[in-house]
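Trainee: Protein chains in written order, with this note's numbering: chain F, 4 to 210; chain U, 58 to 264.
Among the clues, some could well be false.
[What the hints assert, rightly or not] Only pairs whose alpha carbons sit at most 30 Å apart, straight line, appear in this in silico BS3-like list of lysine-lysine: (1) U:134 with F:7; (2) U:155 with U:134; (3) U:119 with U:155; (4) F:9 with U:63; (5) U:119 with U:134; (6) U:119 with U:147.
None of these hints come from the bench; they were simulated from the model.
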Amino acid sequence: MMMKDKAYWILTAVLLMLGGGLLIFSPAGKPDEVPPAELFRAMHDSSRFMCTDEVTRRIIEEDPSLLLIDVRNPESYRSFSLPGAINIPLTDLLLPEWGDYLRAPGMEKVLYSNDDIMAGQAWILCTRLGITDLYIMRGGLNLWADHILTPEAPPETASMELTDRYRFRLGARLYFTGGTGTGVSATQAEPIPVVRREKKTTIQGGC
Amino acid sequence: MKNTAKIILTLLFVLIVLVFLFPGRDQLRYSLSAEEILQEIMEEDYEISPREAVEVVDSENKTTVFIDLRDPVLYHKGHLDQAVNIPSGKLLDRHFMKMLRNFHDEGLTIVLYGQDHREAVGPFLFLRQTGFHRLKVLKGGYDYFNRTAASGNGVEEFPELVPEEPRYDFAALIEEMGGGPGEFQQVVAQPVIPVRREKTTTIQGGC
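Same shape as in the complex, but just chain U (with noise of 0.2 Å):
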């Protein structure tokens, strides 16, 4: 009874430490909440122009890491000099993960992009939230590094992109297409007034 008792409580006592020591440890947490996430993606700078990439790449010094989140096939076809190729739907598999976690853990900045800026600001607030904290966004992503690096010396020239910029004034555009200051308000400026009677005598009007 007593060592039935005694080896009870042994294998729970070894059962406890391992669900401790050992808590799932591929397991993702958030180690931001919702509410921090949101005050950095509102107030920090997390973007990085071509200009500083080209500047970081050319560096003698190893501080960042490219991460390229497009498809394999479009990696092979051109990509930023030193960019690994993780594509973001496997940013969750355990040799990626391990990959990136390496790359943090040596103090490395972690540069992530798509094909467009968009691409790459899904796995950037992913990442962000489950612990990686030194992690950046390539502007424009690689058709924009392109397009400028094609602008070849004139590096100071490439026009500058401002993600969430309107392309249209959308106001102004229905304003305009509801006729505007053109002909179609004239037909609004004349509307179909009544004739109306006119009082011939001072007697008039019902009971």
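Bound-form chain F, shown alone (with noise of 0.2 Å):
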């Protein structure tokens, strides 16, 4: 009986350092992160990055599973940002409010800087906490600008997919600005001259 005892008590003791030793050496991270491994992995998939035509093209579609997050500080966001897009700035990423934007479900979220730098951190900081369905605007702005604002004609023995990229980019840019950026547009405009009938009785009016 004595022995028995003896045997629960080690037990005992022994679950009692297990449940100490996961305490103290169970990694700091929370629960829900992603380890550093896989973290390692995600950083490698160039899956992450969305190019800028694919962005633009889902814009003016107007597609309601594109949620655009703009990184820049406040004042760049004022200042100009994509149509749709909400201003997250990198500071203020991890703030709790923010979490029902960055983990809405069902909607891909794209990230978006000046460059793609600060985009790519916010990535690597978003992935690392579990945050899914989460890309970066390849190039950011500059590219985007680049692409849309002010395309490259392709020469004229381009292949047809990228005359029908020029294409799309032209029609973008328009979108974009209201304008073609040519002026040639707005020479061709005349107004309209709007003709009224001419009153012919003193009486009108009525029922």
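Using the hints, build the complex out of the two chains.
Mentor: Take a look at the structure:
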């Protein structure tokens, strides 16, 4: 009987040690955090990027599953941002109030900044915290402006694909700027005079 | 019975000791929380300029090690003096990780660089989160270093590189494209004004 009691005591002590050890040695990370090795793999997966044309197409199509997140500072955001984008400055990225946006189910979140460095940093931090369906707009607004606002005409020998892409970009530019930037439409447009019927009698109106 | 219990308990004990003594020694852990790393990248200067890099390379006492994160082919074409090549996709390879840990344990500052600035930012963020604290990024990467070196003795003269700097004034560009103060707006400024009938008699109107 004594022996059995002793065995139980030892077992209890061992279990206590196990529990204590788990508390001390367990990784500091939160349970839903992505382990470093997995984060590293994700960082080297090029599918984390979304190209400027794709982002533009989805803006124009008013894709409801697209959530654009501008991680620049509020001044830059107020000065210019992509249509429909919300502003989460990188500094405030991890504030709890943004959690609902970043973890919105069924939404594809696209981070952008002027280049893609800040957006890339935001991506790494969010991915570590287990946020999925998160993309970086490759090249940021600088590349977006290169492609969409100042598209380069392909050479005449270019493939259909390149020509189509150029046409798409020209169309997209029209969408974003409201003008062709060439002034051609402006000179052609003439005000249309509205001719109203003239009154024939002095007594008019009524039911 | 007594012996069996003893053996089982001993085995259990040994197992627990083993588990806690060697908790996957190569397994990476986060040493900083996401909030801490964010605060650090927002507040601390983790970049060294090419000029500082040149000074470091030329100095006698070795306090810094440069890590070239590019492809071995590019590395062999040219790299910073004394730089060690660890392609960014292979950072987690056992021997590279061991090498980095050794540098770090020797008290060396690890300076990461890629072809351009952004190539080093991801690896920086990753390593910084997993326990490396004497860690810097060579501003502008190898390209920028080369350009500044090419400017020869006029080291003072090279243009300052600001990562994430907008290359356009986006709002102004859009304004300009949309016509801005040009002809397009003139059309807008001359809206079609319908000519209203003038009242000729005082008795008008309906029921």
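Trainee: Enumerate the violated hints, using their earlier numbering and listing them in ascending order.
Mentor: 1
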